[in-house]
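Top to bottom, those sequences are chains P and G.
Residue 108 in the working numbering is what sits at position 108 of the first sequence, and the numbering runs on without skipping anything.
Residue 268 in the working numbering is what sits at position 268 of the second sequence, and the numbering runs on without skipping anything.
No lab work stands behind these hints: they were computed from the structure.
Hints are all accurate, no fakes.
Since the list gives no way to pick one copy over another, a pair counts as held whenever it fits inside one copy or between any two copies.
Pairs of lysine-lysine, DSS-like flavour, derived with a Cα cap of 30 Å:
1) 235 to 146
2) 326 to 491
3) 310 to 359
4) 268 to 359
5) 326 to 481
6) 491 to 317
7) 56 to 142
Computed from a predicted structure; not experimentally measured.
Listed below, chain by chain, are the residues.
There are 2 protein chains.
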Amino acid sequence: MAAPTTPTTAPTSTEQLHNLAQQLRIDSIRASTAAGSGHPTSSMSAADLMAVLMSKYLRYDFDDPQNPMNDHLIFSKGHASPLLYSMFKAAGAISDAELLTFRKFGSRLQGHPTPAIPWVDVATGSLGQGLPIGVGIALAGKYLDKLPYRIWVLLGDSEMAEGSIWEAFDHAGHYALGKLIGILDMNRLGQRGETDLGWNSAAYAERAHAFGWHTLEIDGHDLAAVDQAFAEAEKESEHSGQPTLIVARTMKGRGVSFLENKEGWHGKTLDEEQARQAIQELGGEHQITVQVQKPGSAPAGWSQPHNHPKLELPTYKAGDKVATRKAYGDTLAALGAWPDVVALDGEVSNSTYSDEFQKVMPDRFFEMYIAEQQMVAAAVGFSVRHYIPFASTFAAFLSRAYDFIRMGAISRANLRLCGSHAGVSIGEDGPSQMALEDLAMMRAVCGSTVLYPSDPNQTAQLVVAMAGQDGISFLRTTREKTTVLYPPEEKFTIGGSKVVRQSDKDQVTVVAAGITLHEAIKACDTLQGEGIAVRLIDAYSVKPIDSRTLHEAAQATQGRLVVVEDHWPQGGLGEAVLEGFVNAPASAGNGEGGGGPMALQMTHLAVQGMPTSGKPEELLDAAGISAGHIASAVRALIK
Amino acid sequence: MAAPTTPTTAPTSTEQLHNLAQQLRIDSIRASTAAGSGHPTSSMSAADLMAVLMSKYLRYDFDDPQNPMNDHLIFSKGHASPLLYSMFKAAGAISDAELLTFRKFGSRLQGHPTPAIPWVDVATGSLGQGLPIGVGIALAGKYLDKLPYRIWVLLGDSEMAEGSIWEAFDHAGHYALGKLIGILDMNRLGQRGETDLGWNSAAYAERAHAFGWHTLEIDGHDLAAVDQAFAEAEKESEHSGQPTLIVARTMKGRGVSFLENKEGWHGKTLDEEQARQAIQELGGEHQITVQVQKPGSAPAGWSQPHNHPKLELPTYKAGDKVATRKAYGDTLAALGAWPDVVALDGEVSNSTYSDEFQKVMPDRFFEMYIAEQQMVAAAVGFSVRHYIPFASTFAAFLSRAYDFIRMGAISRANLRLCGSHAGVSIGEDGPSQMALEDLAMMRAVCGSTVLYPSDPNQTAQLVVAMAGQDGISFLRTTREKTTVLYPPEEKFTIGGSKVVRQSDKDQVTVVAAGITLHEAIKACDTLQGEGIAVRLIDAYSVKPIDSRTLHEAAQATQGRLVVVEDHWPQGGLGEAVLEGFVNAPASAGNGEGGGGPMALQMTHLAVQGMPTSGKPEELLDAAGISAGHIASAVRALIK
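Full structure from sequences and hints, please.
Okay, here's the thing in structure tokens:
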């Protein structure tokens with residue numbers, strides 16, 4: 001941490017606050033001008049609000065960002081990053097020199113905030129996400145941590161058009177999250193002109209009020225009014241179960257004649273001469289350092305429980321029929337023995353079976369209703385507070401939260417997602433309920449883990465593995481009951497696979513996972529009757545895929561491969577297998593040093609056309625991924 | 001169409017309406033019991049509402065579903081499909097025998113409504129989508145068609161938790177869509193228990209009112225009250241610019257003692273004996289057929305313009321530097337000459353350059369603010385009304401609308417989506433703004449087209465091709481200005497590719513698209529200096545991919561391939577190329593009849609770790625996809 005250049009106590013007089021606000025504006029301009037890009041005017045509108053907040057209300061120990069008593073400050077309008085970084089400088093957390101590395105390669109002060117910075121909880125920059133994540137942190141604070149930290153969320157007015165914001169308003173009202181305080185920087189101007197509601201402060205307040213919030217409308221540049229509003233919000237947060245929204249009327253580019261309330265300045269920086277003039281208009285550079293109030297101590301004896309006793313996992317008997325979604329729920333319930341495991345539901349807990357967790361651990365089960373964006377955002381919030389969140393819904397509906405999942409990876413969140421009702425095998429409900437793109441979507445997340453078990457005992461092992469897995473992991477479960485294939489004591493690990501059938505005479509390798517493994521087993525039985533030996537691989541770990549085992553099998557079967565999946569042909573198991581051959585270890589025979597490239601002759605069976613309703617077996621067959629089609633594909637490869 | 005069994009005129013007495021409502025309930029039970037699945041109780045709660053609507057208010061010609069004057073009826077709560085299909089029977093549009101094919105393989109009466117049925121505009125079943133699509137149809141009706149059709153949307157109460165619903169409330173209020181009438185079937189019970197707001201009718205009304213709607217609260221089983229509410233809504237729709245929400249307090253399973261307002265009956269069907277008893281309680285079967293009111297004639301001379309005059313496309317000079325996003329905007333503006341082309345923006349039109357269209361065709365440009373779900377839903381609505389919608393935002397933010405895009409494919413919507421700011425090459429803004437999963441996401445959409453041009457003249461050709469393309473097409477554009485490579489007269493078609501460098505001595509094939517093509521050209525120049533000849537392919541059509549050209553190139557270069565993309569390794573260009581080899585035509589050398597499988601030796605360069613901020617060239621290099629890395633990969637393959 002940089003040494004403060006001019007240490008002061010927290011400014012409290014209006015003049016001191018004004019000087020600090022001007023410094024935040026000036027530094028926002030300096031940083032963005034040095035970078036040649038960024039959003040100075042969107043920073044300037046909120047500078048008065050943030051000057052007062054950091055001087056008098058925020059409780060945060062910059063020397064100890066993991067202090068559980070710290071308030072949380074989220075810039076939901078992440079493009080105001082110059083303001084946030086200028087606050088870090090004013091708090092003495094970074095030096096002026098570091099401030100001027102803004103947006104440069106190698107700097108942690110990126111274009112939008114990310115947790116590469118220790119005082120940033122989550123990445124923002126995709127609008128409409130900070131508030132729903134704040135809801136998650138507030139849920140953790142109120143119901144699990146039971147600590148008095150506040151969650152301050154700086155909102156832009158453009159992002160009030162995002163539905164996810166209203167999911168957050170809804171849930172914050174419903175769960176009476178009094179410690180959540182939204183600060184709406186209503187500067188009227190979006191990127192390309194006026195926002196939907198402009199300066200209609202009353203409309204924002206009416207909406208928030210209708211969702212159960214306490215609301216205040218103020219002039220966001222009147223420092224006394226800002227001070228009073230925060231005081232009121234703070235008081236509310238101490239006794240009331242109502243979250244507070246402060247609607248602050250502000251001006252973009254405030255304080256500089258040629259920027260203030262002017263169109264055409266969004267995401268534009270000032271050149272050197274413009275910056276000089278602006279700084280002059282703002283009263284010239286200050287070097288104020290604010291001693292941000294540290295939070296009090298946690299209650300005596302408080303600690304966040306992280307003990308992980310040995311689990312009693314559910315077991316399933318060979319030959320029984322059990323859906324993997326049921327095994328997910330059973331295992332989640334068993335994981336309830338770990339006090340930091342949390343479950344979130346999108347109003348389908350009796351379909352995903354996360355209600356099994358609710359039955360045993362109702363206090364750590366959070367009903368997020370049909371609001372998948374909020375569900376994933378809340379999981380991010382729980383991850384910020386070091387819990388182990390499992391969030392589940394139909395896999396098809398996780399597509400609703402894809403932007404949140406994508407951003408979750410940038411936030412370095414540890415999320416466990418489970419999507420049930422995968423593929424055409426769900427049957428009668430029809431295509432709207434069938435996940436056929438979930439593997440593609442989840443594979444294309446940085447650092448993700450993608451699992452697709454075929455058996456309940458296997459599912460149990462993988463769910464436990466997910467609990468210990470960093471980053472974003474996804475489990476795809478099947479609606480239908482399927483035969484138990486593996487004994488409870490068999491081990492399944494992330495990155496592994498299971499060779500289900502194997503002999504010296506194997507002619508073709510079949511790769512399947514989940515429901516198609518059961519079809520493939522039937523196909524192998526049929527082919528065995530015809531004297532055709534098949535190597536069958538259960539590729540339950542779709543990412544990372546077990547390249548080595550695939551490669552060995554392909555070598556043993558002269559490169560003949562059938563991959564079968566209940567998913568569109570794009571981005572799922574088939575392409576994961578192909579990518580596995582591209583990236584196979586050289587010693588396994590690919591590339592130099594391994595005897596040259598392998599000639600693959602692969603048939604890829606996947607869902608090509610739009611499915612309809614019908615019985616699962618009818619739809620598997622119509623999609624060309626049933627046992628009969630697998631057997632035909634094998635025969636065709638050796639004809 | 002089936003002959004009505006007991007033709008009647010529209011029932012208007014309370015008793016007649018009651019009998020019709022009971023018939024709709026009974027038929028919902030019969031159909032779902034015959035299917036063994038479905039949602040009878042969610043149908044029964046809304047039966048009184050729909051009985052009155054179809055008897056007295058709906059204007060619809062079942063013999064002419066394409067009549068432009070028809071009202072639109074959308075079941076946003078798509079799981080109430082038994083009710084919708086029972087209405088079709090009561091309207092004489094389907095026979096009782098067909099009703100009983102519900103959810104059976106081959107029947108058009110699928111588990112959730114789809115446009116396989118001629119009287120269904122769009123697929124529903126993913127909650128929270130019907131209302132925003134209704135907004136799109138209402139925008140078309142008010143601003144383009146200028147016809148008096150109404151859009152009736154039946155909403156479930158669980159789906160009021162979806163943020164997309166509030167995006168719709170916001171936009172309907174903002175655009176003063178008086179012809180949009182929401183009917184909220186507030187039956188209190190979601191899938192797994194009580195909803196967020198239960199029977200708190202006032203809370204729903206207050207929220208809708210805050211978003212600019214006219215609201216009514218009624219008992220949804222009081223036929224007189226329902227009648228009066230529709231009459232008022234209809235009157236409002238005639239003169240007011242306010243959309244109307246009717247909040248109807250109802251009971252799930254209404255009318256049957258063991259179902260009414262009971263938990264545990266969501267998505268459950270009655271067995272034969274239960275069905276018998278329920279039908280008895282509901283007064284026994286009726287065979288009422290309703291003559292649904294036909295709409296009036298369109299104003300004399302009205303026709304929807306579909307003339308497509310020859311376009312004056314923008315052209316770009318070889319050697320100039322122009323961003324493909326700019327070429328998108330320029331071409332969209334040129335397409336404005338077609339009167340059915342519509343553009344939608346997510347508040348970033350000056351970044352995507354869709355503002356070029358706005359400048360020339362302001363009346364067909366719709367600002368959807370930062371509400372990507374609503375933007376795509378509105379595009380679906382315009383597609384329903386036979387317009388050619390182009391919707392654009394940052395490609396990263398299209399991930400916000402993935403569920404709407406997925407459902408759009410089931411809706412058979414013709415959508416053109418453009419995502420700008422692809423990949424790490426955007427530079428300083430950082431990872432939140434970088435689309436690195438968009439190709440994976442868009443490829444995994446049924447029937448989709450995915451294009452990624454590298455040149456502005458090529459972009460112009462492809463944008464025009466998209467306008468004529470059915471289904472969902474996606475164009476990925478680049479933020480940075482890049483060198484014009486191709487002359488304006490060169491033709492580029494969907495499914496094609498361009499061989500950029502070629503000789504008899506080519507040792508390696510490099511496949512690139514968009515920004516990486518420019519890096520690859522630099523790499524080829526370097527390698528040429530070293531005496532290494534490379535075949536370079538511009539794979540601008542990522543889906544469908546040009547398998548034949550790829551295969552020929554691979555054959556010519558002994559299977560040595562480098563694929564380079566500004567995207568995660570999963571689901572993008574690299575995997576599209578691999579899949580292209582799996583599915584290559586046999587005559588091109590793959591599989592039997594073509595000389596056996598080809599041994600590929602492929603190096604896949606893609607973005608592996610989380611990017612940061614920096615200059616585009618720094619980030620391309622850090623990601624391992626710059627010219628230097630391409631050249632190294634080529635050298636390694638021939639070492």
